[in-house]
Amino acid sequence: MSLDSAEPTSSRRALFGTAGAAGVAAAIAALSTARPVAAAPPFSPTAADTALLRQAMELELAARDLYETTLAAGISDDVSQLIELLASNHNAYAKGIAGIAGLSADTPNQEVFDQFEADFDTTDVEAWARAANSLENTAAATHTELMALYEAENAITFTASVVMVEARAGVVTASIAGDSLEGALTPDAAALELSGEASS
Amino acid sequence: MTAIDRRNALRLGGLAVGAGAVVAACGGADEAAVPGRVGFLPAVTDPPNYSVDDAVLLRTASSFETTIIDLYEAFLELDVFDEDQAELLQVLINGHESTRDEFDELTTSAAGGEVWPCANPWMVQRTVEPMLEVVATSDNQLRDAFNIVATMENLAGGTYQEMSGQLTLVEERQPMIEAGKLMARQSAVWIISNEGPDGYYSPELFGEESGIDESGVPLQYAINSQFGSVAQIEIVIGAQDENGVRQTFVVQTPSLNSYIYNELEPTC
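Taken in order, these protein sequences are the chains called A and B. With our numbering, the residue at position 26 of the first sequence is 43, and numbering never jumps. With our numbering, the residue at position 176 of the second sequence is 895, and numbering never jumps.
These aren't lab readings, by the way, just hints derived from the structure by calculation. Since we're looking at a predicted model, the values are computed, not measured. Ideal placement from N, C-alpha and C gives every residue a C-beta, glycine not left out. You may find that some hints are simply not true.
[As the list claims (entries may be wrong)] Among chain A residues calculated to face chain B with C-beta under 8 Å, some are:
hint	residue
1	Thr63
2	Leu102
3	Val142
4	Ile173
5	Val179
6	Leu198
[Claimed, not checked] The calculated SDA-like cross-link candidates involving lysine to any residue, where the alpha carbons are at most 25 Å apart (straight line), are:
hint	chain 1	residue 1	chain 2	residue 2
7	A	Lys112	B	Tyr791
8	A	Lys112	B	Pro922
9	A	Lys112	B	Thr986
10	A	Lys112	B	Ser828
11	A	Lys112	A	Glu170
12	A	Lys112	A	Ala122
13	A	Lys112	A	Thr67
14	A	Lys112	A	Ala68
15	A	Lys112	A	Thr174
16	A	Lys112	B	Glu927
17	A	Lys112	B	Glu923
18	A	Lys112	A	Ser61
19	A	Lys112	B	Ser921
20	A	Lys112	A	Leu102
21	A	Lys112	B	Ser944
22	A	Lys112	B	Gln885
23	A	Lys112	B	Glu833
Given these sequences and hints, build the entire structure.
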């Protein structure tokens, strides 16, 4: 078992660097300090939750579109069914989040899509797998971070169910990319910075 | 029949019923509402009503980790895995040990509870020991041990996914879902390292039938559902009986019957 680690954190950060960067840290700090500790959580999303859920939903829609870009490029049948599955998963996550937050699932995060599009517009299976691995691990890390900010019970529980499968998808894509499986246990993906504001 | 023949038995039974009716009719209204007791069984007592707080969840999670570690070490002692598999299993054990340490730290520092240093008695008695007994006489110990490890990783992932929504403090919730992710990844790594690309995702996700191995036992998959599952998991292990049926175990995420309540005392 020898696994090379995935891309260095710096390159992944660069991919996401400009996506929704405005005021994330401030938003996180404000939300974290404003919430009373151990108070009974609301079941349905608060206004603050809804803003963050919109960002999460748009990330998922961008992921779906990126996988569909690879399918449109005509990648090998060996991985096309897996890519269909991943696209379907992210579409389901977006719709689920939209349902919780009372949103329409029709606005992908264009910045994320634009930055990843070239990596996904490929027929090179290994190159696609590396991009997909980065995307899945980043999405999982982002949702994990958002779970600390959500107040509503259903936002937390739904997000947890998404994170678990994205973590598994990260291992599958690492395997296809030829990376070390042992390294796939602890990917160094950084969370995407989200502003908590609706994208235009 | 000897001392009491059938007719006498019926007569005595009728007498007993009639006497019961008389007693009930003579009693007060409150007494009549309570059914009488027959036989010598001890009176039913209500189970203790222990509360479930964050410390209970974290102690239970820690006990689950200890249970898994003990089980995997039993498999290593059984020596059913080849060198690479045993090496990977040790990596999984290391992951469980570090996860347990984190749960223990949170139990005291965040939840204000006491560390539970033992395995989970309910899981050991109801699941682990019976499964190990079946593996001991199995026709394919390697297959069964592999499937049990995959199942326990899946169950641990589902447990921590569920608990991440039950814990009240953010500083507990984040490590819990991180633990869940680690278990999900460990499951996927374990399955792929043994099954290769055939283990990437379940055909059921495309409406097809799940695969089985040459002995008819269901295969494991790294991606086995669209959303993380907290449902019970069935696992088929052991040799076939005279009807060609292997034993099926149903394992579940911890609940009221397997929580490590704050009132419980360690027995290990």
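Results for each hint:
no.: 1; hint: Thr63; result: violated, 15 Å
no.: 2; hint: Leu102; result: holds, 6 Å
no.: 3; hint: Val142; result: violated, 11 Å
no.: 4; hint: Ile173; result: holds, 5 Å
no.: 5; hint: Val179; result: holds, 7 Å
no.: 6; hint: Leu198; result: holds, 5 Å
no.: 7; hint: A:Lys112 to B:Tyr791; result: violated, 39 Å
no.: 8; hint: A:Lys112 to B:Pro922; result: holds, 23 Å
no.: 9; hint: A:Lys112 to B:Thr986; result: violated, 48 Å
no.: 10; hint: A:Lys112 to B:Ser828; result: violated, 38 Å
no.: 11; hint: A:Lys112 to A:Glu170; result: holds, 18 Å
no.: 12; hint: A:Lys112 to A:Ala122; result: holds, 6 Å
no.: 13; hint: A:Lys112 to A:Thr67; result: holds, 14 Å
no.: 14; hint: A:Lys112 to A:Ala68; result: holds, 15 Å
no.: 15; hint: A:Lys112 to A:Thr174; result: holds, 15 Å
no.: 16; hint: A:Lys112 to B:Glu927; result: holds, 24 Å
no.: 17; hint: A:Lys112 to B:Glu923; result: holds, 21 Å
no.: 18; hint: A:Lys112 to A:Ser61; result: holds, 16 Å
no.: 19; hint: A:Lys112 to B:Ser921; result: holds, 22 Å
no.: 20; hint: A:Lys112 to A:Leu102; result: holds, 15 Å
no.: 21; hint: A:Lys112 to B:Ser944; result: holds, 16 Å
no.: 22; hint: A:Lys112 to B:Gln885; result: holds, 24 Å
no.: 23; hint: A:Lys112 to B:Glu833; result: violated, 42 Å
The structure shown violates the earlier hints numbered 1, 3, 7, 9, 10 and 23.
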